[in-house]
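**Q** Protein chains in written order, with the working numbering: chain A, 1 to 423; chain B, 1 to 423; chain C, 1 to 423; chain D, 1 to 423.
Everything labelled a hint here was simulated from the structure, so no lab data went into it.
Errors might be hidden in some of the hints.
Chain copies aren't distinguished; within one or between two, either way the pair holds.
Said to hold, decoys possible - Below, simulated DSS-like cross-link-like pairs (lysine-lysine); rule was C-alpha separation at most 30 Å, straight line:
hint, residue 1, residue 2
1, Lys414, Lys141
2, Lys39, Lys266
3, Lys283, Lys414
4, Lys173, Lys321
5, Lys266, Lys41
6, Lys13, Lys39
7, Lys173, Lys414
8, Lys290, Lys41
9, Lys414, Lys266
10, Lys373, Lys290
11, Lys173, Lys266
12, Lys373, Lys141
13, Lys283, Lys39
14, Lys266, Lys321
15, Lys321, Lys13
16, Lys387, Lys414
17, Lys141, Lys13
18, Lys13, Lys266
19, Lys266, Lys373
20, Lys290, Lys321
21, Lys8, Lys414
22, Lys141, Lys283
23, Lys373, Lys8
24, Lys8, Lys321
Number of protein chains: 4
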Amino acid sequence: MTTAYDIKDASLKDAGVGRILWAERSMPVLRAIRERFEKEKPLEGMKIAACLHVTTETANLARTLQAGGAHVRLCASNPLSTQDETAAALALEYGIDTFAVRGAERDHYYQHIDSALTFGDEGPDITMDDGADLVSQLHSKRTNLLDGVLAGTEETTTGVIRLRSMTADGALKYPIIAVNDADTKHFFDNRYGTGQSTLDGILRATNILLAGMDVVIAGYGWCGRGLADRARGMGARVIITEIEPVRALQAHMDGFTVLPMAEAAKIGDVFVTLTGDKHVLRKEHFEAMKDGAILCNSGHFDVEIDIPTLEEMASEHRTPKPLIDEYVLSGGRSIFLLAQGRLVNLSAAEGHPASVMDMSFANQALSSEWLVKNAEGMEPQVLSVPKEIDRDVARLKLECMGVRIDTLTAEQEKYLSSWEEGT
Amino acid sequence: MTTAYDIKDASLKDAGVGRILWAERSMPVLRAIRERFEKEKPLEGMKIAACLHVTTETANLARTLQAGGAHVRLCASNPLSTQDETAAALALEYGIDTFAVRGAERDHYYQHIDSALTFGDEGPDITMDDGADLVSQLHSKRTNLLDGVLAGTEETTTGVIRLRSMTADGALKYPIIAVNDADTKHFFDNRYGTGQSTLDGILRATNILLAGMDVVIAGYGWCGRGLADRARGMGARVIITEIEPVRALQAHMDGFTVLPMAEAAKIGDVFVTLTGDKHVLRKEHFEAMKDGAILCNSGHFDVEIDIPTLEEMASEHRTPKPLIDEYVLSGGRSIFLLAQGRLVNLSAAEGHPASVMDMSFANQALSSEWLVKNAEGMEPQVLSVPKEIDRDVARLKLECMGVRIDTLTAEQEKYLSSWEEGT
Amino acid sequence: MTTAYDIKDASLKDAGVGRILWAERSMPVLRAIRERFEKEKPLEGMKIAACLHVTTETANLARTLQAGGAHVRLCASNPLSTQDETAAALALEYGIDTFAVRGAERDHYYQHIDSALTFGDEGPDITMDDGADLVSQLHSKRTNLLDGVLAGTEETTTGVIRLRSMTADGALKYPIIAVNDADTKHFFDNRYGTGQSTLDGILRATNILLAGMDVVIAGYGWCGRGLADRARGMGARVIITEIEPVRALQAHMDGFTVLPMAEAAKIGDVFVTLTGDKHVLRKEHFEAMKDGAILCNSGHFDVEIDIPTLEEMASEHRTPKPLIDEYVLSGGRSIFLLAQGRLVNLSAAEGHPASVMDMSFANQALSSEWLVKNAEGMEPQVLSVPKEIDRDVARLKLECMGVRIDTLTAEQEKYLSSWEEGT
Amino acid sequence: MTTAYDIKDASLKDAGVGRILWAERSMPVLRAIRERFEKEKPLEGMKIAACLHVTTETANLARTLQAGGAHVRLCASNPLSTQDETAAALALEYGIDTFAVRGAERDHYYQHIDSALTFGDEGPDITMDDGADLVSQLHSKRTNLLDGVLAGTEETTTGVIRLRSMTADGALKYPIIAVNDADTKHFFDNRYGTGQSTLDGILRATNILLAGMDVVIAGYGWCGRGLADRARGMGARVIITEIEPVRALQAHMDGFTVLPMAEAAKIGDVFVTLTGDKHVLRKEHFEAMKDGAILCNSGHFDVEIDIPTLEEMASEHRTPKPLIDEYVLSGGRSIFLLAQGRLVNLSAAEGHPASVMDMSFANQALSSEWLVKNAEGMEPQVLSVPKEIDRDVARLKLECMGVRIDTLTAEQEKYLSSWEEGT
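Put together the whole structure using the sequences plus the hints.
**A** Structure, rendered in structure tokens:
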């Protein structure tokens with residue numbers, strides 16, 4: 001069978017292979033799973049439609065699924081995060097059907113999702129999504145392909161929020177595992193991954209000095225607090241905005257300044273949104289900001305900053321450096337937007353480091369295997385990653401890093417299950 | 001009705017009152033609840049048997065329950081944590097039945113529990129426990145008092161572990177709310193409270209310089225990670241021991257060194273146990289430790305360090321300062337044990353600061369009110385704190401501190417409940 | 001020769017000995033010096049008048065000087081920092097002339113300084129000072145004893161500032177080594193010692209939760225930045241006030257908020273002064289503070305907070321806990337002053353941990369030895385600690401802690417002294 | 001007069017101008033100086049030979065010197081740090097003689113230095129150096145141009161070490177200001193600049209996750225401790241190697257692990273050298289390293305890692321990604337070298353952020369002005385930046401950032417200069 005693809009530039013293949021192998025060095029858990037899958041073929045015959053950031057880490061996931069016997073069709077979950085050399089290597093070196101071109105326009109992007117969904121006349125057995133665009137397309141425009149779908153997985157918080165809305169509406173047609181719920185996913189990928197890579201994106205785009213800056217972070221979920229720790233670690237003063245009292249209280253007790261955005265807007269040098277919601281930065285905030293304010297987004301969709309309004313407000317638009325748009329507002333103040341408001345860690349840097357994606361994608365691979373064995377006949381619903389998968393991933397990761405831990409003695413196990421022994 | 005009590009020294013009353021009012025300044029949420037309880041009397045006629053650390057913060061809780069109309073009988077949940085001046089003030093100024101003497105021997109301690117349980121011929125309507133000693137006594141030795149009990153609350157992780165064992169054994173006879181499960185309890189009390197107060201206890205006992213020391217922390221639960229952050233914040237190098245892979249991995253990714261205790265024992269200058277389990281430090285570890293190693297416990301019970309064995313191993317025993325026991329082992333190495341292995345934050349310092357207990361005890365007070373309304377006829381089981389109580393406590397705390405947060409716009413609420421809008 | 005002394009309570013001797021030996025465990029460098037001094041007697045016949053905080057660490061310094069052959073007369077450099085049990089042990093166990101009573105009134109305090117200065121009809125050969133009170137007394141009221149003085153040492157920044165003023169006025173009559181200038185003194189004692197012990201004092205006095213608090217620190221010298229790091233490490237938000245642009249800029253770049261005190265006064269929950277100057281907190285600031293603000297001082301003298309004015313402004317004065325004075329201002333706001341504005345780390349806690357004083361006092365002991373050999377005929381002036389002493393102290397400390405470091409290879413030494421080899 | 005230049009690509013001019021103006025936004029102090037220089041022309045007629053990293057920040061310095069009336073000839077101080085678009089803009093937009101091509105070979109590099117030194121038949125009036133390559137060349141190969149040289153400035157620690165060796169040898173022929181000695185240079189540029197930009201370089205080259213890694217930092221000078229803080233801030237465990245006891249002790253007390261390199265080599269995931277010395281990582285260390293170890297240098301010269309020996313030891317050499325060289329050693333272990341061992345922050349990222357260079361280069365510009373007024377007739381020597389310049393730079397920077405600080409009251413000034421007032 002020949003490989004189907006729509007990629008930017010075939011000549012980038014070798015560069016892509018080099019980088020995929022470089023990433024693989026930091027993904028020992030996924031490699032161990034791939035080696036097992038090669039022998040056991042647990043995904044034999046499965047058609048998997050995957051809509052993920054087309055990066056070197058995803059390439060190693062795709063190779064793992066393929067090794068397990070699956071037929072994978074891959075499209076991008078964000079037009080700006082695609083690495084064209086990775087796409088080239090996937091299609092031309094590893095024989096994986098790949099539809100991804102960096103910077104693709106909206107229509108082209110959705111056409112790629114359609115390509116990923118279509119296996120000849122059939123739809124996929126399993127969907128693998130990152131933000132629920134593919135699932136949404138399948139449930140609204142391509143319902144003809146829904147019939148044979150067994151199950152799916154979803155990578156992000158944002159996607160899970162959408163899936164829960166679909167479930168509440170009775171719209172969801174098959175069970176989907178929320179990979180983000182796994183401790184080995186959200187504790188690590190959201191926190192350490194987003195924290196570092198968001199700063200990395202900001203630095204690559206701007207080369208500003210973070211020390212001494214006021215960085216405003218909208219949202220104190222796992223991603224937000226990961227970023228807050230890292231920004232403080234770089235010497236910034238961090239201001240948090242929140243809508244949820246318990247989180248706000250935590251941010252306050254963690255030593256950050258908590259303010260409503262209307263106040264924070266006047267102070268911030270850099271603003272980052274990670275809320276999963278819309279228009280977190282909007283007209284009233286743009287009006288209050290200082291000259292030189294830098295805005296970016298590390299939430300899944302590019303709606304967290306109200307860019308259309310910013311464009312309307314601007315009397316002039318410049319591009320001082322690639323990935324930086326300067327909007328000159330009335331009175332001469334300039335506001336700088338990074339990466340067009342798309343995920344700054346993927347658009348301006350390389351996304352999560354391979355080491356965290358190792359665990360997220362190990363959860364993806366093992367969840368797929370589990371679904372093949374268990375999903376038959378399940379109700380449409382959002383499922384958690386089974387606890388034993390979560391713990392296996394952690395145990396395997398520690399082993400790969402050479403970190404040893406304790407085990408309970410018999411006496412200790414007994415003590416934990418008794419209740420008579422007291423003070 | 002006259003007040004019943006067994007306290008150390010009536011002359012300490014005034015000192016106790018001063019300190020209770022000082023603590024009250026940091027407990028605005030509980031004060032607000034007390035003011036409402038005084039008007040609404042939601043606990044009218046309830047007999048509450050409370051086994052808690054007899055500290056200034058507990059005094060403010062007892063005053064709140066009393067203001068709500070309850071008859072409270074209070075005993076200590078740990079013989080070393082009792083503040084005798086607080087006990088005196090409770091009995092003599094506030095008219096609360098109090099049975100607590102610092103340093104009480106085992107028999108005296110259990111006699112106090114019995115006193116707290118006995119309201120004339122009857123038992124309590126509600127039990128309020130911290131470590132489940134009172135509940136355990138009631139279910140084993142004082143079963144005659146079990147009949148009329150409506151419900152209970154439990155403050156600690158350790159206690160909840162015991163209650164879950166009781167439930168599994170079918171031994172538990174009434175429903176109990178696990179206050180520790182509230183986000184506004186365990187995020188704050190376990191983390192910030194235990195973190196700071198454990199260091200405080202170590203410093204008051206030893207006056208050592210933490211900067212540059214190797215501090216070994218057994219257990220990376222909420223308490224352990226709170227302490228790890230603070231110890232690092234004081235300039236220590238922190239080593240974590242764990243038995244649970246996901247937690248161990250987090251500790252590693254948080255930049256701590258993760259080791260089995262057998263390795264850590266050779267390196268540590270200071271050891272702190274916060275696991276809820278038994279003999280976390282034991283013979284094999286004592287044998288490996290350096291001369292001068294300092295041991296203490298911040299877990300609920302004094303069983304985490306195997307003290308009997310340490311005593312057996314010692315050729316000599318000294319007390320260089322109050323709260324420090326020196327054990328001279330063969331070869332001349334000395335190991336120093338703080339506060340006899342009891343909760344170092346309560347025994348050598350003053351326990352959690354009032355500001356965190358404000359939230360924990362607000363959950364206690366509101367949970368009691370909820371139980372009076374809802375517990376009738378419930379199955380024996382361990383319940384979570386109702387979410388609305390948790391959120392109310394957080395909201396009230398933010399208000400009291402003058403911290404304002406954002407609210408969702410209508411557009412944002414709508415966006416969060418939709419699933420069609422995507423990339 | 002009998003020992004002369006004025007102490008509080010002879011019965012405290014044994015408690016004092018226990019604590020002095022406990023401190024000695026953390027002072028291996030000073031112990032090593034004492035062992036050498038016992039053999040070599042480099043201070044034979046020297047009369048040393050020492051005005052230092054009478055703590056367990058100072059006791060070990062006095063023992064070291066005595067072992068070197070000196071006759072030491074010791075008085076307190078602060079009436080509130082004296083540990084009465086240490087004074088008792090010094091006089092009665094170690095035979096050192098000691099004049100120190102905790103809480104001594106002003107006249108009693110100066111009478112002790114006079115006692116320390118007077119060796120029969122003679123004055124001292126060497127003065128050892130902490131804040132320059134003894135030197136000031138000697139140069140103003142006891143000039144008759146000045147004649148035979150060979151040299152002196154001074155421990156603190158504050159004292160050195162006074163000595164430099166004296167030098168500028170031509171008032172200083174003999175050379176004095178500024179021990180504070182040694183890297184192994186100010187980097188460690190000022191930074192790690194003051195940082196930790198100031199927080200320790202605040203916690204012992206108040207038991208407040210630092211996490212989430214706004215802590216205002218006046219002064220970003222070595223002490224101030226040590227405290228700022230630790231306060232942040234405990235979860236506080238830290239605000240710095242400064243008068244020196246380079247330091248203010250550093251504080252800003254270190255991620256702290258820099259404000260004029262007039263602004264900071266409105267925000268702070270806790271205020272700490274460490275400037276070496278007068279009335280850093282004064283009327284205009286008291287008027288701006290929030291209800292409940294806590295004030296303390298960790299600078300040498302109790303003049304940094306304008307307490308007389310605070311007293312005048314207060315309509316009421318209470319003492320809710322020992323070491324806390326409550327001043328009720330008009331409008332009902334309360335301001336709380338800790339330890340009467342004296343050094344909070346010494347008055348409410350135990351001062352610098354022994355481990356840092358080990359290095360400071362090793363510099364003191366070795367500087368005394370150096371002065372005996374070199375001070376004859378030197379001009380009156382403020383001298384630095386000789387570099388070789390500084391480095392020896394560091395090397396010895398590392399050895400005692402078992403920390404090994406690298407040495408240059410021959411090739412590397414050569415490279416460092418060449419200039420031709422380039423890009 | 002036409003502009004002389006040797007640059008890579010004239011078509012990059014516009015991109016260069018955009019980036020120079022972007023950097024200028026973060027350099028308000030230098031801009032203020034430029035505006036004054038334009039009016040006052042304090043460098044009128046001066047010939048300045050500058051050997052600096054050819055980056056956007058340097059471009060703004062060159063524009064400032066030019067505005068002051070100087071004729072500037074600029075060459076690169078490191079072949080890998082040159083930004084070709086900046087060079088193009090300098091030569092073609094701003095009319096500054098520029099000799100810099102990224103990746104120039106050794107001969108080409110030294111030819112550029114010669115070009116910068118030669119103003120027709122004459123040499124420069126002032127030299128401005130970064131690492132002392134230009135000064136070294138002038139004193140060894142181009143001594144004919146030495147005669148008219150008035151003075152110079154040197155930017156780096158490494159250069160100053162070389163200049164001190166020259167002075168000790170009697171080789172230096174004119175006075176040079178060590179700009180690195182300015183507090184507003186080394187506190188900020190070395191610490192915050194190198195700290196952030198070194199991590200930035202590592203991340204751009206590798207995209208590894210720093211959280212949980214063991215990062216070995218050779219050298220705990222200002223650069224090393226800046227990096228150590230940042231690496232810890234990103235979640236890494238940091239190991240320090242040092243040869244100087246006081247610094248090693250500080251690293252230990254700051255909570256880092258201090259080890260000899262022979263031990264650290266076995267543990268590290270990433271190694272960074274910042275020592276100013278040669279072969280800090282060498283054969284014995286390569287032999288001990290783990291498979292996958294990543295090596296880089298952030299010290300001035302590429303001699304800190306013994307690359308020739310690493311190449312000899314390797315059985316195979318690959319380039320998995322640009323800027324990463326993989327050396328496969330016997331037994332199959334791979335060691336990865338970043339940016340060929342050249343300054344990783346300049347070679348793999350963009351060097352110090354403009355915000356810190358603003359202060360460093362303000363010192364450069366003001367030192368040049370000072371030298372023109374004061375250097376006539378001075379002895380050859382290494383001079384410090386005059387204190388008033390240092391303070392002016394700090395004051396100006398605070399103003400530009402809108403940070404206000406306190407000033408002493410009259411009473412406070414008086415107190416600081418008095419010595420009688422005491423306890």
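**Q** Between the shortest in-copy and the shortest cross-copy C-alpha distance, which are at most 30 Å for Lys373 and Lys290: within, between, both, or neither?
**A** neither (56 Å within a copy, 39 Å between copies)
**Q** What label fits Lys414 with Lys141 when the C-alpha limit is 30 Å: within, between, both, or neither?
**A** Classified as between; 22 Å across copies, 57 Å inside a copy.
**Q** I want to check one pair: Lys266 and Lys321. Are their C-alpha atoms no more than 30 Å apart within a copy, between two copies, both, or neither?
**A** within (25 Å within a copy, 42 Å between copies)
**Q** From the Cα coordinates, with 30 Å as the cut-off, is the pair Lys283 and Lys39 best called within, between, both, or neither?
**A** Neither: 57 Å inside a chain and 41 Å across chains, both beyond 30 Å.
**Q** Cα distance capped at 30 Å. Does Lys373 pair with Lys141 within a copy, between copies, both, or neither?
**A** So Lys373 and Lys141 pass the 30 Å test inside one copy only (29 Å; across, 50 Å).
**Q** State whether the alpha carbon distance between Lys173 and Lys414 is at most 30 Å within one copy, between copies, both, or neither.
**A** between (45 Å within a copy, 22 Å between copies)
**Q** Between copies, within a copy, both or neither: which fits Lys39 and Lys266 at Cα up to 30 Å?
**A** neither (59 Å within a copy, 35 Å between copies)
**Q** Given a CA cutoff of 30 Å, do Lys266 and Lys41 count as a within-copy pair, a between-copy pair, both, or neither?
**A** For Lys266 and Lys41, neither the intra-copy (57 Å) nor the inter-copy (38 Å) Cα distance is at most 30 Å.
**Q** How would you label the pair Lys8, Lys414 (within, between, both, or neither) given a Cα cut-off of 30 Å?
**A** neither (61 Å within a copy, 37 Å between copies)
**Q** Given identical chains, is Lys290 near Lys321, meaning Cα to Cα at most 30 Å, within a copy, between copies, both, or neither?
**A** within (20 Å within a copy, 39 Å between copies)
**Q** Pop the pair Lys266 and Lys373 into one bin, within, between, both or neither, using alpha-carbon distances up to 30 Å.
**A** Answer is neither: 55 Å inside a copy and 44 Å across each miss the 30 Å cutoff.
**Q** Pop the pair Lys414 and Lys266 into one bin, within, between, both or neither, using alpha-carbon distances up to 30 Å.
**A** This pair counts as between: shortest inter-copy Cα distance 27 Å, intra-copy 58 Å.
In this structure, the earlier hints numbered 2, 4, 5, 8, 10, 11, 13, 17, 18, 19, 21, 22, 23 are contradicted, and the remaining ones agree with it.
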